[in-house]
Amino acid sequence: MNQRRSFVVLTAMAFGFAFLYIPILSMVVYSFNHSKLVTVWDAANSPTIKWYVALLGDTQVLEAARLSLKIAAMNATGAVILGTLAGLALARFGRFKGRTLLTGLTTAPMVMPEVITGLAMLLLFVAMQSLVGWPEGRGVTTITIAHITFSMAYVTVVIQSRLLTLDESLEEAAMDLGARPAKVFFVITLPIIFPAILSGWLLAFTLSWDDLVITSFVSGPGSTTLPQLIFSKVRLGVNPSINALATVMVLLVAVCIVFAGIWMQRQEKRRQRDMQLALAANQEGE
Amino acid sequence: MANTRPDEKLKPWQDPQALPYVRIERVTKRFGDFVAVNHVSLDIYQGEAFCLLGASGCGKTTLLRMLAGFEDPCEGRLFIDGQDMTGIPPYERPVNMMFQSYALFPHMSVEDNVAFGLRQDGVPKAERQERVSEMLKLVALDGYGKRRPQQLSGGQRQRVALARSLVKRPKLLLLDEPLGALDKKLRENTQFELINLQEKLGVTFVIVTHDQEEAMTLASRIGVMNHGRILQTGTPSDIYEYPTSKYVADFIGSVNMFEGRLVEDEPDYVRIESPELGGTVFVDHGVSSAPDAKVWVAVRPEKVRLDRERPDQPDNVFSGTVKEIAYLGDVSRYLVALDSGKLVRVTQPNTDRRDDRVTWEEQVWVSWSPGANVVVTQ
Chain A
61 MNQRRSFVVL TAMAFGFAFL YIPILSMVVY SFNHSKLVTV WDAANSPTIK WYVALLGDTQ
121 VLEAARLSLK IAAMNATGAV ILGTLAGLAL ARFGRFKGRT LLTGLTTAPM VMPEVITGLA
181 MLLLFVAMQS LVGWPEGRGV TTITIAHITF SMAYVTVVIQ SRLLTLDESL EEAAMDLGAR
241 PAKVFFVITL PIIFPAILSG WLLAFTLSWD DLVITSFVSG PGSTTLPQLI FSKVRLGVNP
301 SINALATVMV LLVAVCIVFA GIWMQRQEKR RQRDMQLALA ANQEGE
Chain B
3 MANTRPDEKL KPWQDPQALP YVRIERVTKR FGDFVAVNHV SLDIYQGEAF CLLGASGCGK
63 TTLLRMLAGF EDPCEGRLFI DGQDMTGIPP YERPVNMMFQ SYALFPHMSV EDNVAFGLRQ
123 DGVPKAERQE RVSEMLKLVA LDGYGKRRPQ QLSGGQRQRV ALARSLVKRP KLLLLDEPLG
183 ALDKKLRENT QFELINLQEK LGVTFVIVTH DQEEAMTLAS RIGVMNHGRI LQTGTPSDIY
243 EYPTSKYVAD FIGSVNMFEG RLVEDEPDYV RIESPELGGT VFVDHGVSSA PDAKVWVAVR
303 PEKVRLDRER PDQPDNVFSG TVKEIAYLGD VSRYLVALDS GKLVRVTQPN TDRRDDRVTW
363 EEQVWVSWSP GANVVVTQ
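Chains as they are written, first to last, in my numbering: chain A, 61 to 346; chain B, 3 to 380.
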């Protein structure tokens, strides 16, 4: 019985993981393929790192990656600032007029089809350019603004839920001890919710980093992001260097996840050590 | 320590010349349709330990939060030290508060927690350090300054919270269920520590609690609250011995309550007929009540005597059967069913070790003196 169950569990797990990771794994394997044809495995000369070398020399790819990183970082920072403000208003300012409306409006971009958001942004930018002359054409600025618009919603939700679990009497205690509201925010609230802000930043970063649909509406000549570049290259025929590029991206993400995991484990260890100290204090103190 | 309690000192609330330190003037607070605090007026004097006592949801915490400035009254005014507090934000009030959850800042060390208030006032570093270590010594936490709150036990956290709220030397300290998160044994010790500290520093305390025993121990005066109103204000013994309403009599301690009607109403005594008691009760003081109005006689269980023989007194003697006995060591509690069917609670001290105490289903006489009665009309 027990053995049969463990067999079932193992099979289910194997299928699950296979479903998730075989596509990525095959991509990684083929990135070391010598053959120029993606689907033909050249057993004689493989594995090779020639596509990775080619990637290093491909200024187009490097330029697109640099641009994507820049936009993602700017977007994440902007989204975190706006999202924190919105989250703060929703979680802390009680029942002000239009609160329900604000809740709905901030979360709407999460469920809005990307095509609609992209189109709306494009129309807005065009109209603004003809009315006030800004933004001039489409490029990095318009992409960043469009990304902030939709990723801010996610940050708001993260910050709001963190604030709701934060004991409000911490802020009241600080105020009671003589700190003005602005100071309370910077000295008490901000440091305590910092982990949530950080995860909001990373979330906004990744949302922007792999966005294609909205970007393609609001980008202009000379501002091609990495997802756009990959998409256009694939349309012209799959080149093994794309495999190499994708592998590098997977590797980057994996490294980030591993570091986050280690950090969380250390936090957990610290928490447990604190609890043991408190327990020891309990015994010696009373 | 016990003989310096305010009971023996001058009682400022009886002195018409004394100015209250805190004056609450017809304060009302509504949350939507819910009236949390309903036309409360209250004077609290310097050096008092005033307890707001009541079940949860009675408005006591709201009243405390209005004193701290976290809520604004809808009607009425609050004065602290003669100054109208209307529109004055929490960070400009001369009060500090100790929170029920302690609200220690998790990202700061114990030292930094205590120093926080001084830092806001721009106290120079040297003085700050001195006052913080002095405060930590006072609450017996020297040597714990570098720890973070999460590394402390419940009792230690409570003391850090106390040190943090006292370090600015406030004249008025508000305490929201200060011992609520501690276990029973620790709580008893801490009660005395808290009162010692209060007398040593001369701070006025306003304490919110739902625990009547805590209120009796800590308070110079108690204000019993229910449904947003203060029902009765007085010293712990006043409240216990002379409750003015059924609710207060029932809320503080345990009590036997008999419903009845005045049948003899004289200035210096009354007689009350109570059908549920199956007889009349003689009370040795006058009662102000309309004739024929419904009244209740309250008798504390420890004031009721239990005998096998009929005691030699003309009034307030009833026969019954012992139904339940709870032996608690220092006292025993009995539940006696009178002949009328009414159950009476009796508490008897176990002063000597004997084996012939009354037992289950035994026929007994319960009696009490005419002075043990308290008559309430509402």
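Bear in mind the hints are in silico, worked out from the structure with no lab data behind them. Remember, predicted model here, so these are calculated numbers, not experimental data. Here a beta-carbon is modelled for each residue, glycine too, at the ideal position from N, C-alpha and C. Check the hints yourself; a few may be wrong.
Claimed, not checked - The following residues of chain B were derived to be distant from chain A, with all beta-carbon distances above 12 Å:
| hint | residue |
| --- | --- |
| 1 | Gln19 |
| 2 | Val97 |
| 3 | Gln102 |
| 4 | Glu113 |
| 5 | Phe118 |
| 6 | Gln152 |
| 7 | Gln158 |
| 8 | Lys202 |
| 9 | Gln214 |
| 10 | Tyr242 |
| 11 | Asp309 |
| 12 | Asp341 |
| 13 | Val360 |
| 14 | Ser369 |
| 15 | Gln380 |
To be verified - Some, not all, of what chain A presents toward chain B, calculated at C-beta under 10 Å:
| hint | residue |
| --- | --- |
| 16 | Leu223 |
| 17 | Leu224 |
| 18 | Arg240 |
| 19 | Leu339 |
Okay, the hints, checked on the actual structure:
no., hint, in the structure
1, Gln19, "32 Å, holds"
2, Val97, "8 Å, violated"
3, Gln102, "8 Å, violated"
4, Glu113, "14 Å, holds"
5, Phe118, "5 Å, violated"
6, Gln152, "4 Å, violated"
7, Gln158, "6 Å, violated"
8, Lys202, "21 Å, holds"
9, Gln214, "24 Å, holds"
10, Tyr242, "30 Å, holds"
11, Asp309, "44 Å, holds"
12, Asp341, "50 Å, holds"
13, Val360, "40 Å, holds"
14, Ser369, "45 Å, holds"
15, Gln380, "37 Å, holds"
16, Leu223, "15 Å, violated"
17, Leu224, "15 Å, violated"
18, Arg240, "6 Å, holds"
19, Leu339, "8 Å, holds"
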